[in-house]
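Work out the full structure: start from the sequences and follow the hints.
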Amino acid sequence: MPITIHPTAIVSPKAEIGENCSIGPYSIIYDHVTLGANTVIQAFCEIGYMRDDLEDARLTIGANSLVRSHSVFYQGSTFGEHLQTGHHVIVREQSQIGRYVAIGTLCDIQGQCQLGDCVHLHSKVFVAQLSYIGPFVWIFPSCVLTNDPHPPSYGVKGVHIENYAIVASMSTILPGVRVGAEAVIGAMSLVNRNVPPRQLAFGVPARVWGDIEQRMDAEGKAVYPWFPNLKKRYPAEAMAVWESYLQAREGQRSDAQQ
Amino acid sequence: MPITIHPTAIVSPKAEIGENCSIGPYSIIYDHVTLGANTVIQAFCEIGYMRDDLEDARLTIGANSLVRSHSVFYQGSTFGEHLQTGHHVIVREQSQIGRYVAIGTLCDIQGQCQLGDCVHLHSKVFVAQLSYIGPFVWIFPSCVLTNDPHPPSYGVKGVHIENYAIVASMSTILPGVRVGAEAVIGAMSLVNRNVPPRQLAFGVPARVWGDIEQRMDAEGKAVYPWFPNLKKRYPAEAMAVWESYLQAREGQRSDAQQ
Amino acid sequence: MPITIHPTAIVSPKAEIGENCSIGPYSIIYDHVTLGANTVIQAFCEIGYMRDDLEDARLTIGANSLVRSHSVFYQGSTFGEHLQTGHHVIVREQSQIGRYVAIGTLCDIQGQCQLGDCVHLHSKVFVAQLSYIGPFVWIFPSCVLTNDPHPPSYGVKGVHIENYAIVASMSTILPGVRVGAEAVIGAMSLVNRNVPPRQLAFGVPARVWGDIEQRMDAEGKAVYPWFPNLKKRYPAEAMAVWESYLQAREGQRSDAQQ
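Residue numbers (this note's numbering), protein chains in the order written: chain A, 1 to 258; chain B, 1 to 258; chain C, 1 to 258.
It is possible that some hints are incorrect.
It does not matter which identical chain is used: a pair holds within one copy or between any two.
When the alpha-carbon atoms are kept at most 30 Å apart in a straight line, the in silico DSBU-like pairs for lysine-lysine are as follows [claimed, not checked]:
| hint | residue 1 | residue 2 |
| --- | --- | --- |
| 1 | LYS232 | LYS221 |
| 2 | LYS221 | LYS231 |
| 3 | LYS157 | LYS232 |
The hints are simulated quantities; they were obtained by calculation from the structure and are not laboratory data.
What follows is the structure in structure tokens.
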């Protein structure tokens with residue numbers, strides 16, 4: 001299938017554009033870019049934005065991705081297949097992003113971050129340098145992940161958010177804090193200490209309020225763990241990942257009981 | 001009067017552009033768009049951004065509107081006359097927006113929202129799907145209106161903010177919460193329960209602190225209700241709306257006293 | 001050295017462009033603009049955005065500046081030399097900005113603000129009209145500086161943040177509040193009262209917790225005052241500014257003790 005490049009787009013001859021890709025109006029593709037097949041870059045984007053200190057470090061975006069308009073991606077980061085972004089998204093250099101990741105409108109991801117497969121960032125999330133966000137984590141609008149314990153300083157420490165954890169809107173995670181697997185952080189929380197796996201925490205500062213499984217919806221049904229309720233949103237292989245995670249979790253529990 | 005389309009703008013021949021409209025440099029007007037007379041679309045905008053699932057749903061922007069640069073409006077929403085936006089505004093599909101609405105720089109309005117006449121959103125407000133914002137409401141910078149009581153889930157419930165209510169900067173409104181008419185929410189509040197009409201509430205979580213009429217400015221004058229103080233900012237007909245609202249409010253009070 | 005204007009840029013013949021400047025693809029330079037030598041305007045910017053009420057008020061950007069892509073600067077503001085911005089930055093009219101200022105991605109600076117030399121705003125900061133930010137102040141992501149004590153009203157009062165003060169992420173400063181020199185505001189604080197110089201304050205609402213010099217890092221070293229630790233980031237003359245500030249501070253102390 002042919003590549004479609006809008007006549008107003010500016011595409012470096014050094015960029016490697018996979019088959020069936022599409023580059024929208026007024027977008028700019030710089031030198032050190034590799035786009036997988038079927039990937040769509042919409043209008044007004046800068047892809048592979050160059051920094052002098054990165055030399056020829058490559059920006060790679062996997063196949064079947066969609067980057068919406070007005071987004072800026074720096075050279076030197078890698079995205080797995082099936083990326084989807086909103087509009088006006090910035091992702092800086094040297095980040096490693098998994099497959100099936102969603103990055104919402106007006107998110108700002110600083111450099112040297114890691115995002116696992118199937119991470120879902122809603123709108124306006126700020127992710128500081130060196131953050132780790134595990135697979136299947138959701139972060140809701142306007143959250144801030146910080147990295148400087150004594151601002152301003154050079155001693156930055158990224159946050160660590162483990163798989164299947166949830167961070168609700170407008171929360172702030174302080175530098176170096178670890179949010180455990182499947183933990184749920186309530187809206188507008190200031191997380192200044194580690195949150196154990198499978199715990200619900202909220203408040204300013206956040207306090208642990210109990211096990212996520214105690215949380216019921218209006219009809220009295222347990223709402224967590226959330227993954228089985230939403231499994232249809234994910235690719236088929238995600239169910240196998242969840243099941244192997246559950247087995248590992250059970251193994252850890254029975255180890256702990258012995 | 002003629003239509004002015006900058007030579008670099010990309011305008012679909014299917015779009016309906018009212019007389020005396022102006023389309024700025026590098027802006028894109030897609031197929032399913034109707035612009036009322038005298039409306040200005042500035043530079044770098046996408047108007048009528050298309051989604052496959054919306055078929056030919058139309059984006060309508062009323063007459064005498066101004067959409068500032070780098071804004072993205074999806075197909076399938078309707079705006080009344082005299083819209084004014086800041087820069088980098090995103091409004092998604094199937095929202096119904098009244099007349100004389102102001103939407104500030106870097107706002108993100110998700111789909112299926114309702115905004116009444118004369119709503120004023122300041123910069124960086126996030127409005128989740130299914131939100132209802134009544135006429136004459138003001139929302140100040142960086143507020144977040146949420147919609148998911150048990151994130152992530154399919155059971156979303158929009159917030160409901162009634163006419164003349166005020167939400168000060170950096171506040172978060174939790175899903176399904178109702179903020180009563182003329183209520184005032186202080187800055188950086190987490191509103192997790194309904195706020196009755198004409199009450200002042202603030203805090204994390206927000207607590208009701210009394211009637212808005214007790215609130216005085218530095219000179220000892222009552223600052224609420226605010227509408228009479230600012231009536232010059234509004235079209236003449238807004239005063240009649242306020243007066244009929246006051247009459248209805250009095251009627252409710254005397255009913256309540258009987 | 002010649003000026004480099006991308007063939008797709010739209011540059012008013014009335015604009016004054018210094019030698020060796022560069023204007024990126026699809027950027028627009030309006031009439032009332034003066035750019036100092038060696039300044040770079042990247043792609044998709046609007047520089048000197050015009051308002052009818054400002055007539056021919058000039059936007060001046062000093063030499064050796066870098067404005068990153070998708071930024072919008074209004075006519076009528078002045079920037080000193082060595083400005084650096086992130087992407088999608090908005091700066092409105094009639095602001096006075098010093099030299100060596102950094103303004104992060106997605107910041108929104110409203111009109112009539114003052115920012116001193118070497119101010120550093122991280123991403124997504126909102127700065128309301130009439131704010132004063134002294135030299136060497138740092139403001140971290142997603143902070144909001146407000147200006148309306150009784151929203152909505154005409155009685156706006158800007159905040160006043162003095163030199164070398166630090167405001168950590170997601171904090172809100174209420175209207176008219178004064179944050180003293182070298183004070184440190186912790187993350188997610190609501191600052192509703194003045195903070196004395198050299199004090200650490202945090203919380204909702206913020207409370208003063210003691211002198212900044214009590215604050216130690218993980219290795220037991222004092223982290224404040226921060227300037228000496230970061231002096232290499234600043235131009236050489238900044239050290240002399242710090243030393244004269246220290247002398248003035250000592251003078252005030254010995255005055256107070258007599």
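Here is how each hint holds up against the structure:
no. : hint            : verdict
1   : LYS232 - LYS221 : within (19 Å within a copy, 51 Å between copies)
2   : LYS221 - LYS231 : within (17 Å within a copy, 49 Å between copies)
3   : LYS157 - LYS232 : between (35 Å within a copy, 21 Å between copies)
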